[in-house]
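Make a model of the complete structure from these sequences and hints.
There are 6 protein chains.
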Amino acid sequence: MTKPYDTLLITGAAGRLGTELRRGLAPLANRLRLADRTEVRDLQPNEEAMVFDLADADAVLKATQGVDAIVHFGGAPLETAWETILDSNIRGSYNIYEGARKNGARRVVYASSVHAIGYHTLEAHIDTDAPVRPDSLYGVSKCFVESLSRFYWDKFGLESVCLRIFSSFPEPADRRMLWSWLSFDDCVRLVTASLTAPRVGHTISFGMSDNSLKPVDNSKAGHLGYLPQDNTERFRAAVEAQKPPLDPKAPAAFYLGGWFVDIGHPDDEASK
Amino acid sequence: MTKPYDTLLITGAAGRLGTELRRGLAPLANRLRLADRTEVRDLQPNEEAMVFDLADADAVLKATQGVDAIVHFGGAPLETAWETILDSNIRGSYNIYEGARKNGARRVVYASSVHAIGYHTLEAHIDTDAPVRPDSLYGVSKCFVESLSRFYWDKFGLESVCLRIFSSFPEPADRRMLWSWLSFDDCVRLVTASLTAPRVGHTISFGMSDNSLKPVDNSKAGHLGYLPQDNTERFRAAVEAQKPPLDPKAPAAFYLGGWFVDIGHPDDEASK
Amino acid sequence: MTKPYDTLLITGAAGRLGTELRRGLAPLANRLRLADRTEVRDLQPNEEAMVFDLADADAVLKATQGVDAIVHFGGAPLETAWETILDSNIRGSYNIYEGARKNGARRVVYASSVHAIGYHTLEAHIDTDAPVRPDSLYGVSKCFVESLSRFYWDKFGLESVCLRIFSSFPEPADRRMLWSWLSFDDCVRLVTASLTAPRVGHTISFGMSDNSLKPVDNSKAGHLGYLPQDNTERFRAAVEAQKPPLDPKAPAAFYLGGWFVDIGHPDDEASK
Amino acid sequence: MTKPYDTLLITGAAGRLGTELRRGLAPLANRLRLADRTEVRDLQPNEEAMVFDLADADAVLKATQGVDAIVHFGGAPLETAWETILDSNIRGSYNIYEGARKNGARRVVYASSVHAIGYHTLEAHIDTDAPVRPDSLYGVSKCFVESLSRFYWDKFGLESVCLRIFSSFPEPADRRMLWSWLSFDDCVRLVTASLTAPRVGHTISFGMSDNSLKPVDNSKAGHLGYLPQDNTERFRAAVEAQKPPLDPKAPAAFYLGGWFVDIGHPDDEASK
Amino acid sequence: MTKPYDTLLITGAAGRLGTELRRGLAPLANRLRLADRTEVRDLQPNEEAMVFDLADADAVLKATQGVDAIVHFGGAPLETAWETILDSNIRGSYNIYEGARKNGARRVVYASSVHAIGYHTLEAHIDTDAPVRPDSLYGVSKCFVESLSRFYWDKFGLESVCLRIFSSFPEPADRRMLWSWLSFDDCVRLVTASLTAPRVGHTISFGMSDNSLKPVDNSKAGHLGYLPQDNTERFRAAVEAQKPPLDPKAPAAFYLGGWFVDIGHPDDEASK
Amino acid sequence: MTKPYDTLLITGAAGRLGTELRRGLAPLANRLRLADRTEVRDLQPNEEAMVFDLADADAVLKATQGVDAIVHFGGAPLETAWETILDSNIRGSYNIYEGARKNGARRVVYASSVHAIGYHTLEAHIDTDAPVRPDSLYGVSKCFVESLSRFYWDKFGLESVCLRIFSSFPEPADRRMLWSWLSFDDCVRLVTASLTAPRVGHTISFGMSDNSLKPVDNSKAGHLGYLPQDNTERFRAAVEAQKPPLDPKAPAAFYLGGWFVDIGHPDDEASK
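Chains as they are written, first to last, in the UniProt record's numbering: chain A, 1 to 272; chain B, 1 to 272; chain C, 1 to 272; chain D, 1 to 272; chain E, 1 to 272; chain F, 1 to 272.
Hints were generated in silico from the structure; no laboratory data involved. One thing to keep in mind: the hints can contain errors.
What the hints assert, rightly or not - Under 8 Å between C-beta atoms, here's a sample of chain E residues computed to sit facing chain D:
hint : residue
1    : 23
2    : 82
3    : 86
4    : 90
5    : 94
6    : 126
7    : 131
8    : 139
9    : 154
10   : 158
11   : 259
The structure displayed is predicted, hence computed values, not measured ones. For glycine and all other residues, C-beta sits at the position ideal for the given N, C-alpha and C.
This is the structure in structure tokens:
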């Protein structure tokens with residue numbers, strides 16, 4: 001059967017999650033172009049690799065040539081210094097969108113983050129239309145790309161799905177992840193749904209597995225057709241045995257962003 | 001066990017869907033009265049048939065005598081000339097409601113349509129309270145019956161369920177139906193729920209199977225107790241192999257009404 | 001200064017309100033074409049008159065030739081027999097919209113009515129997006145035109161404003177009108193705003209003066225720029241002296257439609 | 001593994017539901033303190049019992065000493081005389097909250113009731129933020145505790161979950177319970193989720209099993225992680241065979257509170 | 001002209017606000033019955049006085065005989081000990097509602113308070129349907145009467161308006177009152193509107209003058225027809241000169257309840 | 001009388017609007033510090049000036065020393081090249097917020113823009129919580145500062161008001177400005193309200209005069225106490241005489257952003 005895409009660009013492809021995506025997205029494209037700042041290993045016959053910084057506009061323009069869709073998971077993955085955020089996430093993502101526009105890519109799937117809305121509470125049960133409340137400069141950069149991609153859709157017709165990934169790790173590592181976890185397999189399912197849904201326009205979706213505790217409402221992304229199949233129940237006993245409960249009045253316990261709300265300004269932290 | 005109804009009138013009973021309803025609704029009534037413009041075949045012992053036009057007020061008044069509930073699936077099933085819409089769907093449905101009122105029927109289940117709200121987008125994720133946006137004169141006539149039935153409930157206490165059926169076919173025939181399909185079995189489940197729910201007042205419900213892609217929110221019809229049991233996943237590979245994807249910017253791809261939004265005025269079409 | 005329109009068609013022009021509109025809308029067009037079933041009197045130099053039934057499609061098609069906009073206030077103005085509603089309001093309005101489409105009119109301002117939403121309560125404080133709840137066949141026909149005009153906008157780009165007029169009389173005649181009254185001057189202001197607003201698409205607006213008691217929320221029609229300047233306070237003492245209060249538990253006191261909710265089916269009433 | 005609580009106080013522990021809670025909550029605490037007006041039987045090794053009236057502030061203060069969390073299911077369980085409601089439910093619950101505050105309990109799970117919102121209709125599909133509409137003095141007392149517990153959370157940081165239990169009986173006893181039933185096992189699951197969710201602040205949750213007919217929206221309590229596992233389908237045939245349907249226009253059929261809306265004032269009833 | 005009511009009962013009539021109401025409501029009734037725990041002075045010819053405690057059910061039943069409507073402003077006006085709240089506000093208001101029901105009064109206007117929703121923030125811009133968040137036991141008692149009166153309306157058809165009065169003082173006394181002030185004249189206007197609106201059912205209204213800073217949305221009470229005519233601008237310069245601004249991060253600055261959120265539990269305060 | 005602030009920093013102070021703010025805000029502070037890339041003329045005794053680029057972090061840090069509040073109107077005022085947007089608006093505003101945080105300023109009033117939500121339609125009547133839909137890179141940079149300032153409030157307690165200014169010009173220059181105009185006097189009133197409101201936390205407000213056509217809902221900013229006193233009616237005749245109406249189907253007519261939605265990518269435009 002024909003694959004939905006000929007060439008798919010994956011940024012941030014050298015990391016652990018990138019490895020999962022290489023495996024999981026292979027059925028969707030004839031060729032995967034893998035981009036990262038560091039070399040990608042174990043290249044498969046259907047893969048090609050490019051090493052560059054996202055802040056390098058020329059390199060990004062070149063990397064997006066001949067690409068049908070982009071899975072943009074690259075950039076700084078955590079709170080860090082402003083200059084890094086500015087270069088890797090803001091300037092870098094702008095370069096990706098410009099590359100996509102100039103080279104005619106049809107769709108971008110972007111790894112946004114819970115940290116774009118980290119200062120909303122669990123009890124608020126927000127949906128994907130709630131105003132942003134970033135909990136970090138990292139989160140602010142995610143908001144930037146969400147609005148940038150909205151602009152590229154409204155004005156240039158470039159489709160985007162922004163995935164607000166909660167906690168994508170091999171296993172839930174603490175009590176918060178018992179509700180915030182996104183399994184690698186569900187992450188692949190979510191990106192696959194985002195790439196294959198017939199129409200996405202500009203869509204924001206939360207990214208969690210089917211955990212029993214549900215603090216947000218993802219129904220407005222129902223047109224993606226994402227059906228998570230994992231949950232954290234099989235990890236619960238072990239996690240609860242190893243990690244004491246958080247004080248329910250601690251900010252990290254009631255804000256969606258978890259411990260991100262507790263960290264200070266990265267430039268202050270750096271100077272400590 | 002006692003059946004919920006003694007006599008049930010089904011309009012539009014001669015068609016393919018009518019055949020499914022005859023089979024599926026038999027457990028709900030001692031007697032099915034089958035109405036259509038053309039003769040209904042293979043009458044069963046629990047069935048009786050009547051042939052007449054819905055626009056014939058006297059015939060409808062007679063057909064609704066002694067009826068406890070009405071499953072009103074008759075009338076023009078597609079976009080067509082105004083005079084036909086006016087006679088079959090507007091005048092015809094008025095006759096049904098007047099017959100129900102004068103003869104004391106308790107409940108009407110009406111085959112409304114996605115085309116009453118065809119100009120809403122998938123991304124809007126509307127619920128059943130959203131303002132109507134018909135995509136055709138056919139859709140306008142569905143809106144008419146939805147408001148007419150609201151009036152008969154508010155003023156005369158005649159209960160109605162208006163089912164906005166998306167795509168009820170033997171199998172999903174194109175990529176849109178991968179999300180819009182209502183299997184015949186689920187259609188029977190939906191009508192059954194509408195007839196047996198303890199209280200419906202005036203209820204509008206979307207009509208789809210449990211497909212993975214969910215572009216609308218049917219929670220306000222939760223008091224019907226409809227639980228779809230089919231979905232389109234087993235048809236997906238075959239459909240996707242045979243039908244190319246729609247351009248995501250094509251109106252037929254992002255409006256709920258699909259290709260109905262592309263057709264012109266029926267009176268123009270007729271004169272072509 | 002150039003007038004916004006060259007030729008304006010006013011239907012229902014022979015009545016009391018029509019007379020007000022002739023006077024009030026004169027500044028908006030070089031020529032007013034006045035249509036009614038009965039002859040319009042006292043024609044002014046800027047006016048021309050046509051006598052026909054709205055149900056006569058050919059006559060309507062002719063009357064809409066060379067027209068830039070239509071103020072459609074014709075048709076049955078009260079609850080009446082179904083056949084009259086069907087001919088004058090449903091078929092008649094369809095003819096107007098077809099005439100507008102075929103002859104290239106740019107905008108229609110339609111006299112809808114509170115009776116399209118007459119079964120909502122004052123306490124519900126609905127806005128213009130609330131689902132319709134007609135209180136009469138007359139109200140059902142208003143809902144029909146609201147959905148028909150939505151269709152003509154979405155598919156054919158013909159703009160419409162549907163004015164849900166509450167009580168447009170020379171003076172408030174009873175206690176309900178102390179909140180539901182629309183003065184003739186405010187009615188002219190509302191139609192003028194509807195004709196001159198830069199963009200209306202398909203807009204529904206409530207039609208009331210600036211009375212102190214405000215049972216509905218018209219903010220979603222704010223882009224019309226309608227600013228009522230009358231209110232009922234100067235009539236209050238006289239009305240309250242002459243009319244006893246309604247029982248607050250009487251349907252006519254708590255439904256927006258007032259006494260319309262108390263009348264039975266017009267066909268029953270006729271046979272009394 | 002460590003249990004989440006050391007000592008748990010259960011009020012209303014002598015009744016049928018109390019017996020279920022004793023069994024079901026045993027895994028959550030080292031010790032269950034059981035309180036009721038009547039003696040609790042068959043004390044287990046992990047249990048201790050106290051007999052007192054909730055209206056006795058000193059007794060309640062003593063009973064809440066050394067308690068980590070309280071499952072407050074005591075008080076009058078049905079509509080009854082005002083003086084009883086005032087003493088058992090209003091004064092009694094105040095005593096519980098004061099005891100919890102003074103003795104440093106961390107969380108209270110309170111048996112509120114559908115009767116706090118009994119005058120909402122099924123068709124309204126309210127969520128847990130809808131304004132209260134009690135159907136009885138009993139329901140008014142439930143509203144009182146919901147607002148009292150909100151106050152104790154906002155001002156004193158004492159967490160509460162208010163469970164609006166619909167119909168918790170061994171089996172569904174009538175047609176209404178086909179949708180309103182909460183199985184004992186699901187009731188235990190709901191209380192367990194309320195006690196173990198990492199953060200509840202002040203949460204209101206509906207309490208029903210996973211019945212097919214869903215008249216309310218519980219998504220705002222999703223952070224409890226309650227997953228019902230029972231439903232009424234296996235009882236449907238028997239219930240429908242024994243109980244005739246309600247008139248869909250009867251208040252008891254369309255208000256959530258069921259037959260509670262039909263009873264008069266308890267002080268009138270008492271004097272009959 | 002006939003007055004709307006024959007006899008009006010005012011509770012809490014001996015205080016400063018009671019004096020304003022006596023003067024302001026005189027045009028609405030032939031006779032004012034004035035109730036308070038202390039003697040009302042300067043009785044006018046249209047007035048009669050009764051001295052009793054609201055907690056005395058027999059006295060209240062007697063005082064409500066022959067009364068057409070009740071303006072219930074009595075009870076504890078501030079945070080105070082639980083036993084006082086319970087007797088004066090909870091038991092006392094129950095007595096008023098029972099008296100109204102048994103004696104056939106048509107409407108009650110109740111002095112609820114901002115303190116029923118004191119833990120909402122200014123930035124939330126709540127409307128009158130927002131869930132309650134009392135800031136004191138006093139506020140909890142206001143919530144109690146709001147739900148009690150809802151019950152008396154839904155079950156017994158006794159109309160009520162609950163006025164959430166913000167700050168009704170002769171003049172704004174601090175910076176918060178620059179937005180929360182309700183002038184005495186506007187208070188009289190609000191009670192008058194509540195007594196004369198044709199239909200109120202059960203209505204909750206905020207009570208503020210037309211101050212420029214508007215932290216809440218009162219549009220759902222629009223059917224009262226209340227039009228405030230005062231505002232605080234003429235007091236601004238003097239208030240700002242005398243009172244320093246609050247820290248914008250202080251709870252008393254961002255919660256609607258103001259300094260009420262800072263006070264502790266009244267029983268603790270009493271024992272200090 | 002004491003002024004609310006000692007030192008106020010105004011960025012973008014050399015422009016026409018800056019001149020208005022210098023005059024209008026003088027009553028609010030003992031000293032105005034005026035910043036711009038070009039020299040500010042006609043310094044008054046209460047003023048001091050600094051010339052620097054916002055992209056210069058050290059200069060901004062120095063300029064924000066000893067400042068109590070900042071009126072941040074500097075940066076690129078129109079769509080322009082990405083590198084300029086990045087330096088002047090993104091990096092520059094970050095510098096302002098870091099300066100404010102490090103130097104302890106209490107509040108920032110930021111000139112956001114309608115172009116942050118330019119792709120919403122007039123008919124949508126959005127409020128300030130609607131998701132952003134920027135119509136330009138300029139608009140994307142406004143969204144960036146709105147989310148950045150939200151972060152500085154949530155994490156560091158620095159208050160901000162983001163003013164989405166529509167069209168602030170000496171007079172309305174075209175038909176769109178008949179509804180989008182913000183007079184200079186009203187602009188000063190809006191900034192004054194933002195600086196003097198007792199509590200703003202993080203507030204977004206639309207910025208328009210009191211024009212009759214109202215396409216958005218600003219009620220959620222009611223706690224600012226902004227009362228516009230100008231409107232465009234006195235300019236209407238002249239504007240309508242000189243400017244032809246827009247086609248109501250033109251994007252510039254129905255999107256809030258006006259002609260901004262028609263311009264292409266600035267980097268394409270530059271290379272033309």
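Going down the list of hints, with the structure as the test:
This hint is violated: residue 23 of chain E has a C-beta 34 Å from the nearest C-beta of chain D, more than the 8 Å allowed. Taken as an interface hint, residue 82 of chain E checks out: its beta carbon lies about 6 Å from the nearest beta carbon of chain D, inside 8 Å. Annotation: interface hint on residue 86 of chain E holds; nearest CB of chain D at approximately 7 Å, less than 8 Å. Satisfaction of the interface hint for residue 90 of chain E is found here, the shortest Cβ-Cβ separation to chain D being roughly 7 Å, below the 8 Å cut-off.
A distance limit of 8 Å between C-beta atoms decides the matter here; for residue 94 of chain E the minimum to chain D is near 6 Å, and the interface restraint holds. Against a cut-off of 8 Å between C-beta atoms, the interface hint on residue 126 of chain E is violated, since the closest Cβ of chain D lies about 11 Å away. Evaluation of the residue 131 of chain E hint against chain D yields a held restraint, the C-beta minimum of about 5 Å falling below 8 Å. For the restraint placing residue 139 of chain E at the interface with chain D, the shortest Cβ-Cβ distance is roughly 7 Å, inside the 8 Å limit, so the hint holds.
For residue 154 of chain E, the interface hint holds, since its Cβ comes within 8 Å of a Cβ in chain D; the closest pair sits about 4 Å apart. For residue 158 of chain E, the shortest C-beta to C-beta distance to chain D is roughly 11 Å, which exceeds 8 Å, and the interface hint is violated. Annotation: residue 259 of chain E was flagged as interfacial toward chain D, and the flag is violated, the nearest CB pair being 13 Å apart, outside 8 Å.
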